[in-house]
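There are 4 protein chains.
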Amino acid sequence: MSGNTFGTLFTVTTFGESHGPAIGCVIDGCPPGMVLSEVDIQPELDRRKPGTSRHVTQRQESDTVEILSGVYQGKTTGTPIALLIRNEDQRSKDYGNITETFRPGHADYTYWHKYGIRDPRGGGRSSARLTAPVVGAGAIAKKWLFEKYGTTFKGCMSQLGDIEIPFEDWSHVPENPFFAANASILPQLEAYMDDLRKNGDSCGARIDVVAQNVPIGLGEPIYDKLDAEIAFALMGINAVKGVEIGAGFKSVAQKGTVHGDELTPEGFATNNAGGILGGISTGQDITASIAIKPTSSIRTARHSIDKAGNPVLVETLGRHDPCVGIRATPIAESMLALVLMDHALRHRAQCGDVVVTPPPIPGSR
Amino acid sequence: MSGNTFGTLFTVTTFGESHGPAIGCVIDGCPPGMVLSEVDIQPELDRRKPGTSRHVTQRQESDTVEILSGVYQGKTTGTPIALLIRNEDQRSKDYGNITETFRPGHADYTYWHKYGIRDPRGGGRSSARLTAPVVGAGAIAKKWLFEKYGTTFKGCMSQLGDIEIPFEDWSHVPENPFFAANASILPQLEAYMDDLRKNGDSCGARIDVVAQNVPIGLGEPIYDKLDAEIAFALMGINAVKGVEIGAGFKSVAQKGTVHGDELTPEGFATNNAGGILGGISTGQDITASIAIKPTSSIRTARHSIDKAGNPVLVETLGRHDPCVGIRATPIAESMLALVLMDHALRHRAQCGDVVVTPPPIPGSR
Amino acid sequence: MSGNTFGTLFTVTTFGESHGPAIGCVIDGCPPGMVLSEVDIQPELDRRKPGTSRHVTQRQESDTVEILSGVYQGKTTGTPIALLIRNEDQRSKDYGNITETFRPGHADYTYWHKYGIRDPRGGGRSSARLTAPVVGAGAIAKKWLFEKYGTTFKGCMSQLGDIEIPFEDWSHVPENPFFAANASILPQLEAYMDDLRKNGDSCGARIDVVAQNVPIGLGEPIYDKLDAEIAFALMGINAVKGVEIGAGFKSVAQKGTVHGDELTPEGFATNNAGGILGGISTGQDITASIAIKPTSSIRTARHSIDKAGNPVLVETLGRHDPCVGIRATPIAESMLALVLMDHALRHRAQCGDVVVTPPPIPGSR
Amino acid sequence: MSGNTFGTLFTVTTFGESHGPAIGCVIDGCPPGMVLSEVDIQPELDRRKPGTSRHVTQRQESDTVEILSGVYQGKTTGTPIALLIRNEDQRSKDYGNITETFRPGHADYTYWHKYGIRDPRGGGRSSARLTAPVVGAGAIAKKWLFEKYGTTFKGCMSQLGDIEIPFEDWSHVPENPFFAANASILPQLEAYMDDLRKNGDSCGARIDVVAQNVPIGLGEPIYDKLDAEIAFALMGINAVKGVEIGAGFKSVAQKGTVHGDELTPEGFATNNAGGILGGISTGQDITASIAIKPTSSIRTARHSIDKAGNPVLVETLGRHDPCVGIRATPIAESMLALVLMDHALRHRAQCGDVVVTPPPIPGSR
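Residue numbers (the working numbering), protein chains in the order written: chain D, 301 to 665; chain P, 301 to 665; chain X, 301 to 665; chain E, 301 to 665.
Be careful, since some hints might not be right.
Copies of the same chain are indistinguishable here, so a pair counts whether it falls within one copy or spans any two.
Simulated pairs of lysine-lysine, BS3-like, Cα-Cα distance not exceeding 25 Å [to be verified]: (1) Lys454 - Lys443; (2) Lys555 - Lys498; (3) Lys498 - Lys550; (4) Lys607 - Lys375; (5) Lys443 - Lys375; (6) Lys375 - Lys448.
Honestly, the hints are just simulated from the structure, not real lab data.
The following block holds chain D by itself, in its conformation from the complex (with noise of 0.2 Å):
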């Protein structure tokens, strides 16, 4: 209740500070039976971990994943199973300049008061480096619900600052740094990058996520309905100030007559709802966007105070991303896929192991 476990029965505890000795997780209600081993994990993280390119912090972490626990000769046995990540490249003295100031748009100021107490090194408990045992879990998640009922997750960035990416192909997104669906647009974001890194500034970026194959009924209304769940993960992650399901901000606008997906024998015509209904999946595709504002860490002299209240200027050095969003994109989609991992054990517990197959619907993309 301290606000350090994701989810209602399949739960992430997570614990680790950016520059403590090891970060991790307990995962708790993992289905037994399942055949699991570091293998299952490691590509995931590995596509979230820093230094693979010039446009992201150059912190060298290999992010290598153990297994504690919960799993016996290869299978999950539905016990805890926990993950443990060792921290390599802490360099805390980058940092020393800071612990007496509050970075603007920081966690700082937050967490100096609320605890009377903070971790600075590296942002301590605030980094986005603690997205990866959520990453670890989230690859936990995604083998179950794809051996269950072939379920997938995507990604990709669909805005970097003020440049727009134009969908073309999953396909591009594997082959550039920017998880950008898009090859074309490539120099041009890298280019936007290095200048801004040479101005010492970060920018914010557009994310898009999609689950496919989807069961039908998942969520619990009339609270825990599975959009609010997937706000609640998505707003959650570092940096996140908006969150749309579906159409979403677009709704406002639209008519009646043209919003409510109309029904077919084959199945929805449309996909305005991004997959959810009265906050229970359709099984169509569920969407979502996130808006994730420009990194606070930056290069350029700000305005702020230290602890004593007095006017100072705060320059941050030490290793940032310029657009965290760049590697937001993997961390979403195991967001999303803890939402419906856990819903799918929710939906169980009440209405039985008994799942509809939605008909094959016309994908959203």
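Dock chains P, X and E against chain D, hints included.
Just chains P, X and E, lined up with the frame of chain D:
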């Protein structure tokens, strides 16, 4: 865990269906010793209730609330507070034609597939009528937060369909049925709604809500962040498709040198954060916006299927709001109040009753 | 989290005070599609209700239950089931003399210190009257478990004060007001109670409960073990001071060569375990016993203090059970049923709907 | 919710199996600012660890604890505290003969049926080895409660097999391997244990625990009563079959004129309540007793079945405690401490940080 309880320490468990004998809720965790009676709750219910203008549903409900427990000699005792609202104007026959078909954009399809049974009368459990108990509970949360911290809540409609409503002054909000903070635009809004009704169509809306005088330190990272919980609460309101905190989706195109709110000895200079950093309240105004989709229940015939999968045309008769967003402002305020109340209690569980009062800060408006 | 909700997936949230307008509960998580109406619930309430013999409180309550929600056309819909019981016979003046003093052995002292306020009328929230909603909820759990697994529940009094009640046959239980599984001992029990009443004193009791035809596999170690949850449920009943599972405290003096129940191809040979091993049900009868202390509210004057700390003598007038254990059997059965129901749902969340049927096993009795 | 998290606000999530690479836990909700390092935790682990006398298992484990997170510059930060203990002495081959059979009285049978898979090495997840992380977490709870309220914890063995151990003085407890508060009886206990070992048999024990200087007001009726939570915590310890609070089962034969503890201006006159009334702490000593069954893993051959249902004889080799009760005292103290810690935080969530200090009260011993 079946999704009908909102909150962790200040919990609201609701019950009831649109056309059942009664709706209500049980509020657990209210601090003892607060003066409370129905007169503290009824005015908030009256702000939300139907039938107050020609632009909302004409269902006649007094929404009279009865406190069944938890209050002794006019004060809360720390035991559960049960609120009961009898339904008075159920005309279930109005809905007879939809028992065998699924309305596009409505929860009919998903409730049916999830549970194998659904109460079709007025939408059953999925009806927006179920926001009434939440508004009742919200009134209690608002009262406690105001008495303890001076916290206040406001909200207004900022867009109706494709009409943006420029903010003029909060004083206009209680003076019109749209909750618009603008007097001059009212004729345009009324004409727009009259036209919609005539055409048997519906529209969406955008609602802004603000909490002021929020103590610093509320929010439980790294999952139960205050912004994540607000997103959960607001996305869970019927028909909401998008949630923004602070600058929201505008953050994507902002540079880090612009977005991160600078601090001065007198407080924050701007409020792109919407009053939350690292998932914890900063003491600034908390600002959020939601996108509400157009009402699904419209008179215009639309393509759908029946339970057997055969194509049908569905026209929704009965009494419906042509824009559910019109009555959404007090609901959104209540959900925000419930989140802050819950986190006020969670904060003091771990950190004690010490709360940092923010310095006087230029309001977001 | 304020303690008025019982269960995790099949949750029962109760409200009300002994002398308030009503008591009741909201049950969330009931599987959909089960036939249910008041006639399924009322008989269980009638087994518990006061005024049915001269050996219990003479308060006259019909305990008529009304289902407010969650049922449509005679079947559960999967949405919350609210039960309402109006209080009918509140004579609060009977209790006027205890508003300023603390009865020895009663919750007066602790409620006052915890909350700074208490409702003294009939014990307020701490009254055993609040077991009525639980019995109502238990009736629903019993029905579902019986229809799904054939599970049944029984209970009897095995000791009244210092009189041990030898077990003869279950058929005697509904035939006497003591829930004794023994007919010949009844005159002795009645004389004992009459004597107590005459002396203004009270006594304790020991109650045994049994669940039969329990599926194998219920229980969630290593903390939410089935026996731990049963202990929680039974110790939480008013006036309970001890709980045993299976051989209970007799286990201490047993050798390992005696205690551990041997297995044969036909099932377990004995049942010292009480049907639970490692916190998980074995398929044997689940057996538990509870110790109930003597009623605190007695006519005999006792030493105590008032709110100001001054010594006083307290005699409790009003109507009270001279042995709260007499009506405790249906309550204990209900709590046991609620635990099994909750764990049936929890089991299938993680492990699916596959349940192992136990082989025919010699009953515990 | 899968049962591996203990507590509501001060949560302990454990992981690991007896013969896996490591065991440990994540503690969430610890108040910030408390001085903490491994030296505060290790001594409690050492009280519980195996191999310290000939009367317990000879498995050699240093149980060295490493704090992985949640502490900065020697103080808790309010973020999760992860404790890691590497397993050092796993001789899994010792257990090879039990992978296909079910030991009488052991969790083998139920884990296998529940999950369809089980880790048989040393009992896997069901091993009493998993109490080590709980004792680590309990050390943190004890420290905070002592610093905040002066609360202390004690425990002793009061019966070994059929030998009752008269209480003499707490000072004896740390001086003998049995945690007996009696020096003269030690030769008898040692002879009893030596005899058991020689015969390949095992025995049960009774353990008493006491918490002193408990603030008034802890406990959250009407379900999360302090006594109910203690019963849950203690019954959940491996091999426990019974729990008593205060007078326990003796209450049954007590009259109301005896049982109810009278109050005087100087405090309570007696403590039959065991420090809890109405589920809320009175400020008196909290006293509880548990019954621990004899160890299931014994060398004597017993009848059982294999996975295929065929009859077999099972002798358990490997290293086992002939009386698991011998090491249970620090575990029971820890569980009690975790319950009080959790309820201290829950109390101040609803009622604020005001705690009533009890008057000086004659101790229970």
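_For a quick check of understanding: which of the numbered hints are violated here, in increasing order?_
Every hint satisfied by this model.
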